[in-house]
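Trainee: Let the hints inform the model, and build the full structure from the sequences given.
Residue numbers (the working numbering), protein chains in the order written: chain H, 1 to 298; chain V, 1001 to 1255; chain F, 2001 to 2317.
If you are wondering where the hints come from, they were derived from the structure by calculation, not from laboratory data. Note that the coordinates shown come from a computational prediction; the quantities given were computed from them, not determined experimentally.
Between beta-carbon pairs, the in silico distance windows are: (1) F:2234 with H:91: 19 to 29 Å; (2) V:1086 with F:2018: 41 to 51 Å; (3) F:2234 with H:58: 22 to 32 Å; (4) F:2234 with H:124: 11 to 21 Å; (5) V:1061 with H:227: 53 to 63 Å; (6) V:1086 with H:217: 47 to 57 Å; (7) F:2274 with V:1151: 37 to 47 Å; (8) F:2034 with H:180: 47 to 57 Å; (9) F:2105 with H:58: 43 to 53 Å; (10) F:2087 with V:1086: 55 to 65 Å; (11) V:1123 with H:97: 30 to 40 Å; (12) V:1148 with H:293: 25 to 35 Å; (13) F:2032 with H:9: 53 to 63 Å.
The calculated EDC-like cross-link candidates involving lysine to aspartate or glutamate, where the alpha carbons are at most 16 Å apart (straight line), are: (14) H:285 with F:2116; (15) H:98 with F:2116; (16) F:2004 with V:1129; (17) V:1131 with V:1142; (18) V:1171 with V:1030; (19) H:297 with F:2187; (20) H:39 with F:2116; (21) V:1171 with V:1200; (22) F:2004 with V:1124; (23) V:1171 with V:1202; (24) V:1171 with V:1063; (25) V:1145 with V:1129; (26) V:1108 with F:2196; (27) H:169 with H:190; (28) F:2298 with V:1146; (29) F:2298 with V:1147; (30) F:2004 with V:1126; (31) V:1171 with V:1065; (32) F:2298 with V:1092; (33) F:2169 with V:1113; (34) V:1071 with F:2187; (35) V:1240 with V:1220; (36) F:2004 with V:1125; (37) V:1071 with F:2196; (38) F:2004 with V:1127; (39) F:2169 with F:2299; (40) V:1008 with V:1057.
Glycine residues also receive a C-beta, built at the ideal position from the N, C-alpha and C atoms.
Below are the chains, spelled out letter by letter.
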Amino acid sequence: MDSSSFLMQFAQQLINGVSLGSIYALIALGYTMVYGTIKLINFAHGDVYMVGAYIGFFATTVLGLGFLPALLLAMVGAGILGMFIERAAYRPLRNAPKIAVLITAIGVSLFLEYGSMLLVTPQPRTFPAVLSSTPIHIGGLIINSQQVLILGVSLFLMVVLTYVVNYTKLGKAMRAVSFDTDTARLMGIDVDKVISYTFAVGSALAAAAGVLVGVYYNSIDPLMGIMPGLKAFVAAVLGGIGVIPGAMLGGVLMGVIEALVSGFISSTFRDAAAFGILIIILLFKPAGLLGKNIREKV
Amino acid sequence: MTLLKTSKLGIMFGGLRAVSNLNLEISSGELVGLIGPNGAGKTTAFNLLTGVYQPTEGTIEFDGDSIVGLKPYQVTQRGIARTFQNIRLFSDLSVLDNVKIAYHFHVKYGLLETVVRMGRYYPEEEELEHKAIQFLKIFNLDGKKDEIAKNLPYGEQRRLEIARALAAQPKLLLLDEPAAGMNPQETHQLMEMIRWIRKEFDLTILLIEHDMSLVMGVCERIYVLDYGMVIATGTPQEIKNNPKVIEAYLGEEVQ
Amino acid sequence: MRVKAKRDLLSLGACLLLYAIIQLLIEVDVIGQFWVLNIVLIGINIILGVSLNLINGFTGQFSIGHAGFMAVGAYVGAVMTVKLHLPFIVAILAGAAGAGILGFAIGLPTLRLSGDYLAIATLGLGEIIRITILNIPYVGGASGLMGIPRLTNFTWVFFATVFTVFFIKNFINSSHGRACISVRENEIAAEAMGVDTTKYKVMAFTIGAAFAGVAGALFAHYFYIVHPASFTFMKSFDLLTIVVLGGLGSITGSITAAILLTFVSAALAGYPEMRMVIYSLMLIGLMLFRPQGLFGNKEISLKFFNRLKGGSPRDAA
Chain H
1 MDSSSFLMQF AQQLINGVSL GSIYALIALG YTMVYGTIKL INFAHGDVYM VGAYIGFFAT
61 TVLGLGFLPA LLLAMVGAGI LGMFIERAAY RPLRNAPKIA VLITAIGVSL FLEYGSMLLV
121 TPQPRTFPAV LSSTPIHIGG LIINSQQVLI LGVSLFLMVV LTYVVNYTKL GKAMRAVSFD
181 TDTARLMGID VDKVISYTFA VGSALAAAAG VLVGVYYNSI DPLMGIMPGL KAFVAAVLGG
241 IGVIPGAMLG GVLMGVIEAL VSGFISSTFR DAAAFGILII ILLFKPAGLL GKNIREKV
Chain V
1001 MTLLKTSKLG IMFGGLRAVS NLNLEISSGE LVGLIGPNGA GKTTAFNLLT GVYQPTEGTI
1061 EFDGDSIVGL KPYQVTQRGI ARTFQNIRLF SDLSVLDNVK IAYHFHVKYG LLETVVRMGR
1121 YYPEEEELEH KAIQFLKIFN LDGKKDEIAK NLPYGEQRRL EIARALAAQP KLLLLDEPAA
1181 GMNPQETHQL MEMIRWIRKE FDLTILLIEH DMSLVMGVCE RIYVLDYGMV IATGTPQEIK
1241 NNPKVIEAYL GEEVQ
Chain F
2001 MRVKAKRDLL SLGACLLLYA IIQLLIEVDV IGQFWVLNIV LIGINIILGV SLNLINGFTG
2061 QFSIGHAGFM AVGAYVGAVM TVKLHLPFIV AILAGAAGAG ILGFAIGLPT LRLSGDYLAI
2121 ATLGLGEIIR ITILNIPYVG GASGLMGIPR LTNFTWVFFA TVFTVFFIKN FINSSHGRAC
2181 ISVRENEIAA EAMGVDTTKY KVMAFTIGAA FAGVAGALFA HYFYIVHPAS FTFMKSFDLL
2241 TIVVLGGLGS ITGSITAAIL LTFVSAALAG YPEMRMVIYS LMLIGLMLFR PQGLFGNKEI
2301 SLKFFNRLKG GSPRDAA
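Mentor: Here is the structure:
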């Protein structure tokens, strides 16, 4: 391979990686926000993403909605589901050992996966082509119009989220709860409500990712959330869990690493590479790329 | 004979010099106090001595050897044991197990003897149990040996923490605010106890304390720390009348 | 205190009696094939649960990559018998050694991490182990390693389980075990009491991994085939569930939970579509009602019953 074609392939993989990565970033945001507020690795988050994809699927096939209405419906539906999960399964365990909540999250995850199998059958569904896919040629590079869409929608949602977190009353409350829950409560913040909204926002973002993936890969199934969910979590840790820009950075990095490994080495090692880099990061910078390392005071 | 000697000991946290140019010299058998206003660097000094923090400059000599660079457990094994400002017991374990753990590194039996329960396992476990109960007796805690540590009243938790530190059989005992949260009567009892254990165990004691009645009552010599530096040293009488110390505690006199 | 030694012999005798009874029932066919399978699975799950409890429950190190060590034991064990034609006991020991050595190599750098960071690192390492195996053609890659002789039977599983439980129980009730527990209770205080916390974390992790290896070797030699898909992080979650459900820091809890979950799994085998839904709801329900696990960190024993009847508490054996 001469150097110019190497560079071309590198650039092409970079493009694929960034669009895949922005999906990881959307899912990772939910993980990081929930972790920031209640210090829970919400293993059911990947399955909320799957439910979002299915809502999008039925909105387009049964209700005949277009892409944007379907996306909105999926986000609202998943948001409500997220709030419900928090209310029913996590809130009663607010003062329980952390590991018990984690097991509950695993239970919720299994319930969503296998409950969906009962409800919509385990067979993969073909997501309707709601948007045309036209390849755009720039030089020798090919950018799919859907990749542009994924990037556009994710960027838009991230900007909105950043605005909400930084400039609204709800955002301030979220940051306060994440910084110190007890003090936030003493300052008159309704902590339960803030946690509930955090779940809603995180779940809505995951649902958006689910619909985008459905549009891009055309295929959805009840177990589709397991691997992306896990990797999005890894992405959140990579960026620094609890840190919102960290989740975005981690997600995009994760996508790029995967695209490069499958493009240049072998796609079977793709997942191993992602985890390998995670472990290296953890060993040398345990709080993640953008996280702050807090030492226990002696 | 000098037991502990630090020279030019210091540590920086980022740009903050938490402790600097700390020169301590403590002889065997002494009972020394380390006082100073909040944030003066007293606990940081303890953390430097016990290996929790690594100094950015200076030396620490204990019993003739340098202990800079050793991990906390190695420092303890060399003979420095400590208590903590905010009590750190093994709170879900029994009172007896708390003391047994401090005795841990004196135990000789190996993994194989443990698993098949042969060789030195039973004799050493019996001896360990016996010794641990002896320690509890001294502190009047033997009646509560099966109680879970976190269920003890506050004063007894403080006592247990000292008992546990002694069970590690140190030459130098560091006490970080042992009287914190105690009423005057409890403080008085504690004072008696500190005097007594020093004699009984042939110990050297360095203690951090805010309660002046305790410090002035038991310590033979006092170091005063402010902004990470020693500003005065001497007998309780000398410290009481030292203008620098008064200034550090009460602020400068208004002209 | 030599009463303790007597008590050990007594429980060993009780185990032999239990073995004789079950073996007899198998011989006369009162316990059929289906139940033998489940008894074997219970034994393997007890080994996995108790060994993971040593890491998570007793030493307080949050590991969720146990399936990876089980996989190493399964594959190393299977290679011993299938490729090298060595006896079964060698396969089990090699499985334990392989997983133990890997556990040591992984534990040494990773156990500097704590809490959720350690959890995600072990989860990642478990996946890396699985993906690596997936890419080794010598052991069959993605299609798995086939043609493993069925050497595991009730006798092997029973004695391996008893050995594991006694090993870990004796370890916990020693100065070494107390050092591990002190790390869980308060790492800073443990270090200040002269406990080399790194050493004991790595020791617990290595022992736990080695027993997962034993379980893996037994598993491989019962089902004729080992497959990378049997050792995903979902399997690690299953094992974590055993530990948490039984109670972190309770060996008898892990044993009870392993038995309970294997039975539930077997009972639901007839309803494949509903099985996981019911299982997951049960999991959520149990955690909501008993977040500290069935036994908390208590052990169930004869003296436990005595205490229930109002007797005085004695120190644990």
